[in-house]
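There are 2 protein chains.
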Amino acid sequence: MSMTNANFPMDAEGRTYHVGIKRGELANRVLTVGDPARAITLARSLDGVDLENTPAKTIPANLFSYASHRGFLTITGTYKGVPVSIVAIGMGISMMDFFVRECRAVVDGPMLIIRLGSCGSLSDAAVGDICVPSGSYLVQRNYDFFAGDSDNASAKPYHLSKIFQADPEITKTLVKNMSAKLGDNHVWSGVNATADSFYSSQGRQDLNFVDANQDLFTELVEHEPNTMTLEMETFTLYHLAKTSTTAPLGQSQVSNGESKSKNSIRAGACMMVFAQRKTNAFITKEDVVRVEPLAGQAVFDSLVEVQL
Amino acid sequence: MSMTNANFPMDAEGRTYHVGIKRGELANRVLTVGDPARAITLARSLDGVDLENTPAKTIPANLFSYASHRGFLTITGTYKGVPVSIVAIGMGISMMDFFVRECRAVVDGPMLIIRLGSCGSLSDAAVGDICVPSGSYLVQRNYDFFAGDSDNASAKPYHLSKIFQADPEITKTLVKNMSAKLGDNHVWSGVNATADSFYSSQGRQDLNFVDANQDLFTELVEHEPNTMTLEMETFTLYHLAKTSTTAPLGQSQVSNGESKSKNSIRAGACMMVFAQRKTNAFITKEDVVRVEPLAGQAVFDSLVEVQL
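As given, the protein sequences belong to chains A and B, one line each in that order.
Using the UniProt record's numbering, the letters of the first sequence map in sequence onto residues 1 to 308.
Using the UniProt record's numbering, the letters of the second sequence map in sequence onto residues 1 to 308.
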């Protein structure tokens, strides 16, 4: 670590401070996950992987990879001949922010980013099913509510943000490709809620803390009747895509000679149901092993199908 | 992974889902850091470590350790004969929330938790100095502000929360012990600001996104003139300590036969200045190697000095 510039720290090689990548190592089409183990599993679907000689839980030898000292793992190769990257980012809105900003800083031209995550289901989607949210809102603990003074008598203990939308073409393509891999009856559409805690802001009951979250599920459905999933990252991806500019793009770098959008990032997401919050069921290891690679292939198919 | 109960998932062994620890593996006195490499460095100060035969970047053989599949590292041993743990949690408010809640769930009796982090300095504290914040507030991007509709004409782009206080005895003890290790003129007191982004919510300028954060430093100082540091986790620790209950404690488990507090967690924090935001300076590797172990010893001294 020998960083310069506290405004946007990079090392002497040009690697960003947290994700640890530099220009040339990341494709414009990115699949992002939380768990590094999932990234390694999905990398087995990339071109040229010698599956017989690639032990499970190892990164295929023909691919570029970089594990940063702060827990990010980047793997770059091609899928059906098109350059793609997989980036594992860990958990939470702050980690998604690191990932989007540090990747944007080292890639030229427009980007497509699709998240493949896990989630809790508030709808009828069962464990092992896939949800593709067209939009996402943020569930934040209203920390001030818990300060113990009288200012907040009328405030609510959780703040629910406005909905930010996924790219409609990416969402449509994901639904189509997920259905092809897993069957129509295992693929769901709706809206995602991203929470700043796995516990209080997802309505989990924990007597060890004052959480005031008994009515949270009801409030989520009142806020957005089509609320389908709860997880911890997707909102930030959709939000940053919508607030991305075209600042880093020279006009010559934009495909077809002109920008189709004021944003340089187009984003979508899908998630596997790990927890069914209405029935309290949790996914089995066997279901994860079965669904994860198929869902990954559907994301790669979508990443290379959508035009930049 | 074979979890039960979507409300508070634990595996068949009783390990929590993300931090991965179970009852009996964690001490009531915990030093928490972000970077696993820092946890391993600090573990060298624990009792019975054979420094000659413990290579750098390895966990001493006499200590318990557990690395979870989601990036948490727990190391437990003793310091001056008192059981202590070190837990590396990664980055961001959501990761601090995982850590506090999953640790609280598997430890009986009252807990002391002290964070040793890194930060940016908004004050005169120089790179390599230590700051010990008596309180912390949260800087959150006001996501709704960026929705592009007219609802938010009067809203500000960032929300600054109320201040939550550290445990005063822990703070006082930390200042004393840090000064003994590093000298009075390298130890600072003040208030911390915890941000939900390393970039926009810490006032970093990035043309790739619409951030509206040019005036953020001014607003922080107006909100709290004694704002000293910016980082990404401490607020959540102070907040959860203040909202912790005594629910998990049987009366017999409380020291002296009675509870001194309505909270089961007492918390403090200190941070090394890595970035000087006024001069744009960044810490050198040599300064980290020099300061980190001394700061760690001062935290351990404080953890075992304060009565549970």
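One thing to keep in mind: the hints can contain errors.
Restricting the straight-line Cα-Cα distance to at most 30 Å, the calculated cross-link-like pairs of lysine-lysine (BS3-like) are [unchecked claim]:
#, chain 1, residue 1, chain 2, residue 2
1, A, K285, B, K22
2, A, K22, B, K22
3, B, K156, A, K162
4, B, K57, A, K278
Listed below are several chain A residues computed to face chain B (Cβ distance under 10 Å; list not exhaustive) [as the list claims (entries may be wrong)]:
#, residue
5, M91
6, F98
7, V100
8, S123
9, Q140
10, S201
11, D206
12, D215
13, E219
14, E222
15, I283
One-sided and incomplete, this derived list gives chain B residues near chain A with beta-carbon spacing under 7 Å [as the list claims (entries may be wrong)]:
#, residue
16, D11
17, G20
18, S68
19, G71
20, R101
21, S179
22, A180
23, K181
24, D196
25, R204
26, F209
27, A212
In short, the hints are calculated from the structure, not lab data.
Ideal Cβ positions, reconstructed from N, Cα and C, are used throughout, including at glycine.
A quick look at each hint next to the structure:
A hinted pair counts as satisfied when its Cα atoms are at most 30 Å apart, and K285(A) with K22(B) qualifies at roughly 20 Å. With a C-alpha separation of about 39 Å, the suggested pair K22(A) and K22(B) falls outside the 30 Å cut-off, and the hint is violated. The straight-line distance between the Cα atoms of K156(B) and K162(A) is roughly 15 Å, inside the 30 Å bound, and the hint therefore holds. At roughly 44 Å between alpha-carbon atoms, K57(B) and K278(A) are farther apart than 30 Å, so this suggested pair is violated.
With 10 Å as the threshold, the beta carbon of M91(A) comes within range of chain B, its nearest partner Cβ sitting at about 6 Å, so the hint holds. For F98(A), the shortest C-beta to C-beta distance to chain B is roughly 6 Å, which falls under 10 Å, so the interface hint holds. Hint on V100(A) holds. Least Cβ distance to chain B is approximately 8 Å, under the 10 Å limit. A least Cβ separation of about 14 Å between S123(A) and chain B goes past the 10 Å threshold, and the interface hint is therefore violated.
The interface hint given for Q140(A) is met, as the beta carbon of that residue sits about 7 Å from the closest beta carbon of chain B, less than 10 Å. Look at S201(A): its Cβ gets to within about 9 Å of chain B, closer than 10 Å, so that hint holds up. Given hint, D206(A) at the interface with chain B, holds; its Cβ is 6 Å from that chain's nearest Cβ, closer than 10 Å. Evaluation of the D215(A) hint against chain B yields a violated restraint, the C-beta minimum of about 16 Å exceeding 10 Å.
Hint status for E219(A) relative to chain B: violated, with the closest Cβ pair at about 16 Å, above 10 Å. Hint status for E222(A): violated, given a least beta-carbon distance of 17 Å to chain B, over 10 Å. For I283(A), the interface hint holds, the least distance from its beta-carbon to any beta-carbon of chain B being 8 Å, beneath 10 Å. Interface restraint check: D11(B) against chain A, minimum CB-CB distance 10 Å, threshold 7 Å, status violated.
A hinted interface residue such as G20(B) counts as satisfied when its beta carbon comes closer than 7 Å to some beta carbon of chain A; here the least separation is about 13 Å, so the hint is violated. Violation of the interface hint for S68(B) is found here, the shortest Cβ-Cβ separation to chain A being roughly 11 Å, above the 7 Å cut-off. Taking 7 Å as the C-beta contact cut-off toward chain A, the hint placing G71(B) at the interface holds, the least distance being around 5 Å. The restraint placing R101(B) at the interface with chain A holds, with a minimum CB-CB distance near 5 Å, inside the 7 Å limit.
Interface hint at S179(B): violated, since its Cβ lies 26 Å from the closest Cβ of chain A, which is beyond the 7 Å cut-off. A hinted interface residue such as A180(B) counts as satisfied when its beta carbon comes closer than 7 Å to some beta carbon of chain A; here the least separation is about 27 Å, so the hint is violated. For the restraint placing K181(B) at the interface with chain A, the shortest Cβ-Cβ distance is roughly 22 Å, beyond the 7 Å limit, so the hint is violated. For D196(B), the interface hint holds, the least distance from its beta-carbon to any beta-carbon of chain A being 6 Å, beneath 7 Å.
Satisfaction of the interface hint for R204(B) is found here, the shortest Cβ-Cβ separation to chain A being roughly 5 Å, below the 7 Å cut-off. For the restraint placing F209(B) at the interface with chain A, the shortest Cβ-Cβ distance is roughly 5 Å, inside the 7 Å limit, so the hint holds. Evaluation of the A212(B) hint against chain A yields a violated restraint, the C-beta minimum of about 9 Å exceeding 7 Å.
Hint compliance for this structure: hints 2, 4, 8, 12, 13, 14, 16, 17, 18, 21, 22, 23, 27 are not met, and every other hint is.
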